[in-house]
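In order, the protein sequence lines correspond to chains A and B.
The first sequence lines up with residues 1 to 906 when you count with my numbering.
The second sequence lines up with residues 1 to 426 when you count with my numbering.
Hints are supplied without guarantee of correctness; some may be wrong.
Claimed, not checked - Simulated coverage check for chain B against chain A, where a stretch passes if three residues somewhere in it have a Cβ under 8 Å from a Cβ of chain A:
1) 198-208
2) 334-345
3) 350-360
4) 383-395
Said to hold, decoys possible - Keeping only pairs whose Cα atoms sit at most 27 Å apart, straight-line, the calculated DSSO-like set for lysine-lysine is:
5) B/Lys407 - A/Lys398
6) A/Lys398 - B/Lys338
7) A/Lys85 - B/Lys373
8) A/Lys59 - B/Lys77
9) A/Lys130 - B/Lys187
10) A/Lys366 - A/Lys209
11) A/Lys602 - A/Lys299
12) B/Lys235 - A/Lys85
13) B/Lys121 - A/Lys398
14) A/Lys85 - A/Lys3
15) A/Lys585 - A/Lys602
16) B/Lys410 - A/Lys130
17) B/Lys147 - B/Lys8
18) A/Lys131 - B/Lys425
19) A/Lys132 - B/Lys420
20) B/Lys338 - A/Lys131
21) B/Lys206 - A/Lys398
22) B/Lys187 - A/Lys131
23) A/Lys398 - B/Lys187
24) A/Lys130 - B/Lys206
25) A/Lys131 - B/Lys415
26) A/Lys668 - A/Lys759
Keep in mind the hints are simulated off the structure, nothing from the lab.
Just so it is clear, CB atoms sit at the ideal spot from N, CA and C, and this is done for glycine as well.
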Amino acid sequence: MAKIVIDGVEYEVNPDNNLLQECLSQGLDLPYFCWHPSMGSVGACRQCAVKQYRDEDDKEGMLVMACMTPASDGAIISLEDEQAKSFRSDVIESLMISHPHDCPVCEEGGECHLQDMTQMSGHNYRRYDKKKRTHRNQYLGPFINHEMNRCITCYRCVRYYDDYAGGTDLSAQASHHHVYFGRHEEGVLESEFSGNLVEVCPTGVFTDKAFSQHYSRKWDLQTAPSVCVGCSVGCNTAPGERYGTLRRIVNRYNSEVNGYFLCDRGRFGFDYVNSRERLLEPVKRVDNTGELLADDEIKAVIKEFSREGTIGIGSPRASNESNFALKTMVGDENFFAGYSDSESESMAAVLTLASDKAFHSPSVRKIEEADAVLILGEDVTNVAPRIALALRQSVRNKAMDLASESRIPQWQDAAVRELAQHERSPLSILSPAVSRLDDIAADRVIESLPALVAMGHQIANKISGSAPAATSPEHDAVAEKIAAQLKGAKRPLIVAGSSNGSELIKAAANIARALHEDGEDAAIDLCLLVPEVNSIGMGLMAAEENSLGVALDKLSSGAAKRVIVLENDLYRRAAKSQVDSALDKAEKVLVLDQVTTATTAKADVILPVTAFSEHEATYINYEGRAQLSFQVHQCQKMAQPAWRWISDAAHIDDLVERCCSEAPGFAKLRDVLPGENPFIAGMKVPRQSHRYSGRTAMIANVNVHEPKQMEDKESIMSFSMEGISAQKDPSIMASPWAPKWNSNQSISKFQDEVNGELKQGHVGSLLFEKTASGSYFDVPAVAAQPSGKQLHLALSYQIFGSDELSARAEPIRERMTDAYVGICPEDAQSRGLAQGDVATITPTGAPVVVCIRTGVKPGTALLYCGDANISPAEFTGLLEIEKSAAQATSRGISSLIVSDFQEEEI
Amino acid sequence: MVTKPLTKNIDMSRPPLDIAAYEANEGYQSLHAIAKGLSPEDVLQLVKDSGLKGRGGAGFPTGLKWSFVPSGDNSPKQKYLVVNADEMEPGTFKDRLLMEGDPHLLLEGMLIAAYTIQASKAYIFLRGEYTVSEQALRKAIKEAYEKGYLGKNILGTGFDLDIIMHTSAGRYICGEETALLNALEGKRANPRAKPPFPQVSGLWGKPTIVNNVETICNLPGILTYGVDWYHGLTKGNDHGTKLFGVSGKVKTPGCWELPLGLPIRELIENYAGGMQDGLELRGFLPGGGSTDFMLPEHLDITLDYDEIAKVGSRLATGTMIILDDKTCPVGMVGNLMKFFAHESCGFCTPCRDGLPWVDQIFRDFENGLGSEKDLQILHDHVTYLGPGRTFCALAPGATAPLGSGLKHFKEDFEKHITEKRCSYKH
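With the hints as constraints, model all of the structure from the sequences given.
Have a look at this one:
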């Protein structure tokens, strides 16, 4: 620690940080623009100028930029110095000379960092009376608006988009006061993380286009802390509601998980909550139409389904509480996993490894700390996007080391990048196809899945001779290199997942175990990705032998008469014939879900279920982190949390408590609930801001009498403006706000220190106990080789489309492609297939679009199932492709971006 | 005895000397001295002893700059020499004379510099508009390769050097050495944060020396004729000769190699022929567009870095712009402000958004729309754009003519406001 003096007061600070960061960490107000807590300093905006004095005798001092000056021991600075204040005011004055002052019609208004900083800097009288410079705006796709006239040229957007997130299609153009931030031509922003521009931009240049369609001011949104349900990372979000519809999602800071950033699936994929496909009333099938169920009929249905002979199928996209309620209702032995049998196998491996002392499942923040990474067969960007963004940061650890050697502070962002240039920590990708991380990869091997498995085992064996031997002679040299890199690393990380079966997970585990054996006792970071928000919770809940296949067989064979399907479309999980036969044979099918699916079409009774923003729930992410997601708003119709239909529990906390004590593995789930005495003077935490407006008038079109605010008996939050300030406990704070800080930048007021944990907040509860010491997995027998026209199959995923619910959101749909099969040019030629042709795939005969990609191994076909009702479960490692006479639909594969097709030079 | 080591071969009435003629006039002797065993350390010591200061404008001691380059077995293998030939300072045309007139002198100097810091690659970052220089240099480089003075294992020394010619797309900011390096790497020409300094981490993250053309051209003489000879050239405190230029309404504008330490009066009256008939000297910028105005009362000050600094200006590039009494000083400063506003790289706020405002105000003055309020804003910007407030020296450079112009030509600014016109216009 170091001591510095700020305006006569001594502070203890971290000398590795800069003065701006330390001023903010100390809770002082110092305006800034270009500095960002996770992107460091470049010294562009000059807004954070302070006066620094050489020593106590120095009365003159000199202006320095706080963000570019280290907080070295003994530093004496002044924020209040007149010269510094006047310079800061001058800077704002220049930034504002061409700004349109269109706050009343700007989406950023009310949460605008520029507004806040202008106020703070004291510039309030406009002297500039010349012509303003103006810009033309661009179409940037369905997610982002562009309004360049508002730009204050802080360079944050390109530093985020290009330097931080690895984008290539947003750049700073032109010079002097004409600097322009945009694409080389109009078009969709390609990065999967473009939505963060909305939050990174300190003013309204980049705003949320989907939000603009039904805009509301920040202070008018009802909001609560939530968890993204788009994938297994469990990023923390703050959804906002107004007039009964969900309007937008913004990031909610969690130091261990998402930090400051979300992916575009998470940010823009919520629209299904408002969609017409929502199920909103309990109905029963009468002939071929639905008929509303009366309350007593619902009771009768539940009673009927509580009888012997009912099985329950859970869901990886439902909460722990709903899965647990179903399990309790049907009994442990009748509760079945709601994902494919292949997923069951993978999950068994993931859960076994989770309790193994040799491994550590790293949080997103820990992933950023890795100094050598191997990705084994997983398309991280499309499966768990936020982790891909973290991996991009991990390869910069080499640069950070180089900077330390040259005594350049790590926060000197531009200097560190210029010093390191293309030097990166090694990241190796073993994959069936090119991936969006190839541009930062040191090595990349494209192979069929069986060959990737073999190579994984080969690497393990090269690290430690006690790992079972496997050979893949073609890639011996690169396997040797990767093994050496991992062995030499201080913090190696192996990434795999369940996308293509359990064998890759096992191979990855062997590599990590070999490293563990080879090195010290520390557990090795093994990041195993699963597809859905609560895949892990589902896996913990269902007995290993209770796979979906067994459940469907029970129904087909008549061993079970009735089935309750919880928030699940079984047609995505198992072969159509198998599901058809099971549901046709079942005497009665009860489906609880949010939206209509192929499965609800087969239901005898449908009970409508609330969406993620309409209920409080817990989910468990890929690393076993349980997180609590609060209810944001009420469902306007009759949907309820699934557990409420099928359980007699009065309160979610009761279910959590029961789940903790009854379900193995969930003992620490209760830790996510708010503390025992969260209330001050009996007051709740309001979901509405203290500036929430129009409450008395908002339903005046229906009734001029203002109804009593709905009471929330469930949670510590209220549907109201009244209550204690949420800011007292940042873990139940959705939308940060502090006096003078209306934008998301106010988060620093609630962190222990900049980039630190939230004060008093918690980052979720890790459920897995490390109890076991496992052993190596065996190398699998040689997989079936393709014969005749067959190709090896590898399943492919898309950030926009592979997730069932977000694929129903309108902005996401604009970015989606049809189901496609990706093959190399040689395989396409030999089958007479051209780009965009329609082909049928055997065994199902489903039509898919042909996508010819250079980065696919000859003899391998990538299959992306999309929302086309093709179940991956139909295929067993091999498939055939035939040209079809059918025409491609309008969507086709035009939304794929260039790097999906072409190999990146490594 | 050579007295004009920079220009001894230059005769603009004929093409520059080819390699044979250049060698015949004692050219490339330094290279042969190196081949005979002069070590990099020896050369560095000679350059330090010579007291050579950088001729690009800042006047930083060249030997000291070179000594920051890490040497020895643990230092990075690849090092670079970059010649800053992006001569864009307003009123400055001295490097152009050297490159068009005697390209081999530059190449010989580059060999010396590259050998000293052990750089195997050297770049000439040339202003794009200097097409004649480009042709001359390309021809000279070709000749040097053919002669074995460039390429691998030069004259059996084991020293390799490739010279790469890079013609710039043209921005004033590329004269700032780190912006130049960014441009050379294909990035936006924004100045870099320092540290790291280029000597340690420059081009592509490797140790790099960036020197001005004229600085490099001083080297062959120092090695060929020795430090004592070099010290004998000057008439002032600083060593060597320097190219001095004069532009504006003098009788014979031009560029001459002169010893440092001559009185300014001698340059203007003897070499530039004095003011054109009917014109009086009103003031002058001693070293290009980003230096403070000096006045006729300063004519007896000598052309020395320190002497000129004493009266609040800078010798900088040594190329003077003369202001006469029939030219509007407000217009002259405005013209410079237009240039600086346009050439701001757009990275930091005061420069990017402050200079265009200043430029706009000058346009208003020109059109009779000047006001007291705007005059105050100009004064405010002299402080606002000053040293320490901006990311690099471009905007502080612009405040030199602005601040001194406001001070020395106050009545002209006020006349523009009261008469609502520029009285110099007919």
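Status of each hint after checking the structure:
For the region 198-208 of chain B, the assignment as covered by chain A holds, since 4 residues bring a beta-carbon within under 8 Å of that chain's beta-carbons and 3 suffice. Proximity of the region 334-345 of chain B to chain A, defined as three or more residues with a beta carbon under 8 Å from a beta carbon of that chain, is established by the 5 residues found. With 8 residues having a Cβ less than 8 Å from any Cβ of chain A, the region 350-360 of chain B passes the three-residue criterion, so the hint holds. Counting residues of the region 383-395 of chain B whose beta carbon lies closer than 8 Å to any beta carbon of chain A gives 5, which meets the minimum of three for the stated coverage.
Simply put, B/Lys407 and A/Lys398 have alpha-carbon atoms about 52 Å apart, too far for the 27 Å limit, and the pair is violated. A hinted pair counts as satisfied when its Cα atoms are at most 27 Å apart, and A/Lys398 with B/Lys338 does not qualify at roughly 44 Å. For a cut-off of 27 Å, the pair hint linking A/Lys85 to B/Lys373 stands: about 21 Å separates their Cα positions. Restraint check for A/Lys59 and B/Lys77: the C-alpha separation of about 47 Å exceeds 27 Å, so the hint is violated.
Between the alpha carbons of A/Lys130 and B/Lys187 the distance comes to roughly 32 Å, so the proposed pair goes past 27 Å and is violated. Taking the CA atoms of A/Lys366 and A/Lys209, the gap is about 33 Å. The hint is violated against a cut of 27 Å. Between A/Lys602 and A/Lys299, the direct Cα distance comes to roughly 21 Å. Compliance with the 27 Å bound is thereby established for this hinted pair. With a C-alpha separation of about 48 Å, the suggested pairing of B/Lys235 with A/Lys85 is violated against the 27 Å cut-off.
With a C-alpha separation of about 26 Å, the suggested pairing of B/Lys121 with A/Lys398 holds against the 27 Å cut-off. Restraint check for A/Lys85 and A/Lys3: satisfied, since their Cα atoms lie roughly 23 Å apart, inside the 27 Å limit. Restraint check for A/Lys585 and A/Lys602: satisfied, since their Cα atoms lie roughly 11 Å apart, inside the 27 Å limit. Restraint check for B/Lys410 and A/Lys130: satisfied, since their Cα atoms lie roughly 23 Å apart, inside the 27 Å limit.
For the hint linking B/Lys147 to B/Lys8, the alpha-carbon distance of about 22 Å falls within 27 Å, and the restraint holds. A C-alpha spacing of about 25 Å is found between A/Lys131 and B/Lys425, which places the hinted pair at or below 27 Å, so the restraint holds. With a CA separation close to 24 Å, the supplied pair A/Lys132 and B/Lys420 stays within the 27 Å bound. The hinted pair formed by B/Lys338 and A/Lys131 meets the criterion: a straight-line CA distance of about 15 Å does not exceed 27 Å.
Taking the CA atoms of B/Lys206 and A/Lys398, the gap is about 16 Å. The hint holds against a cut of 27 Å. Of the supplied pair hints, the one linking B/Lys187 and A/Lys131 is violated, its CA atoms being roughly 31 Å apart against a limit of 27 Å. For the given pair, A/Lys398 sits about 22 Å from B/Lys187 by alpha-carbon distance, which is consistent with the 27 Å threshold. For the proposed pair A/Lys130 and B/Lys206, the alpha carbon gap of about 45 Å is over 27 Å, so the pair is violated.
The suggested pairing of A/Lys131 with B/Lys415 holds, with an alpha-carbon distance near 24 Å, which does not exceed 27 Å. Using a Cα cut-off of 27 Å, the hinted pair A/Lys668 and A/Lys759 holds, with the two alpha carbons roughly 21 Å apart.
Consistency note: the structure conflicts with the earlier hints numbered 5, 6, 8, 9, 10, 12, 22 and 24.
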